[in-house]
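Produce the complete structure using the sequences and hints provided.
Following full-length UniProt numbering, the numbering of the sequence shown begins with 1 at its first residue and continues without gaps.
Since the hints were made in silico from the structure, they are not lab data.
Incorrect hints may have been included.
With beta-carbon atoms standing in for the labels, derived distance ranges [what the hints assert, rightly or not]: (1) Ser-83 x Lys-121: 20 to 28 Å; (2) Asp-63 x Arg-94: 20 to 28 Å; (3) Asp-114 x Asn-20: 38 to 46 Å; (4) Glu-49 x Gly-101: 31 to 39 Å; (5) Glu-145 x His-56: 15 to 23 Å; (6) Cys-122 x Glu-50: 22 to 30 Å.
We treat Cβ as the ideally placed atom computed from N, Cα and C, and that holds for glycine.
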Amino acid sequence: MTLMCYEPLTLLNQLQRDINWPFAYNHHSSEGNEPVRANWTPAIDIQEEENSFSIHADLPGVDIKDIEITMENNVLVLKGQRSIRKEEESHNYRRVERVSGTFLRRFSLPDTVDAEKITAKCKDGVLELFVPKRNTVKPRRITIEA
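This is the structure:
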């Protein structure tokens, strides 16, 4: 089975960002020093093994307290936010390009996953979810006697 993520608004969101891009900086400054404040979509890898799924999400700069993971009706939801750090005023930034804001990803998972045993850990800005599959009874061929 191939697991696919369907994000219907991704292209629309990208179009909106592209349209707004020329207006995203301070026109009174030639440096464009206004911080980027936009919603963003973390990169995700999903790997399926015989007995589990592994999901890796790149979340650099996101505090684990700002991440929420839920599972309902076989839909895994990953949401959170990356905040702009309050730097000292003595810092004289010429440009700020690191994106901050909220993110939301949804994944439909098959009925075979064991939602009660999902685990998550975050290390070096990468969130790893381990989603085990339930033990299922495999089909057995029955012979017909003559």
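Evaluated hints:
{"no.": "1", "hint": "Ser-83 x Lys-121: 20 to 28 Å", "result": "22 Å, holds"}
{"no.": "2", "hint": "Asp-63 x Arg-94: 20 to 28 Å", "result": "26 Å, holds"}
{"no.": "3", "hint": "Asp-114 x Asn-20: 38 to 46 Å", "result": "42 Å, holds"}
{"no.": "4", "hint": "Glu-49 x Gly-101: 31 to 39 Å", "result": "33 Å, holds"}
{"no.": "5", "hint": "Glu-145 x His-56: 15 to 23 Å", "result": "51 Å, violated"}
{"no.": "6", "hint": "Cys-122 x Glu-50: 22 to 30 Å", "result": "26 Å, holds"}
In this structure, only the earlier hint numbered 5 is contradicted, and the remaining ones agree with it.
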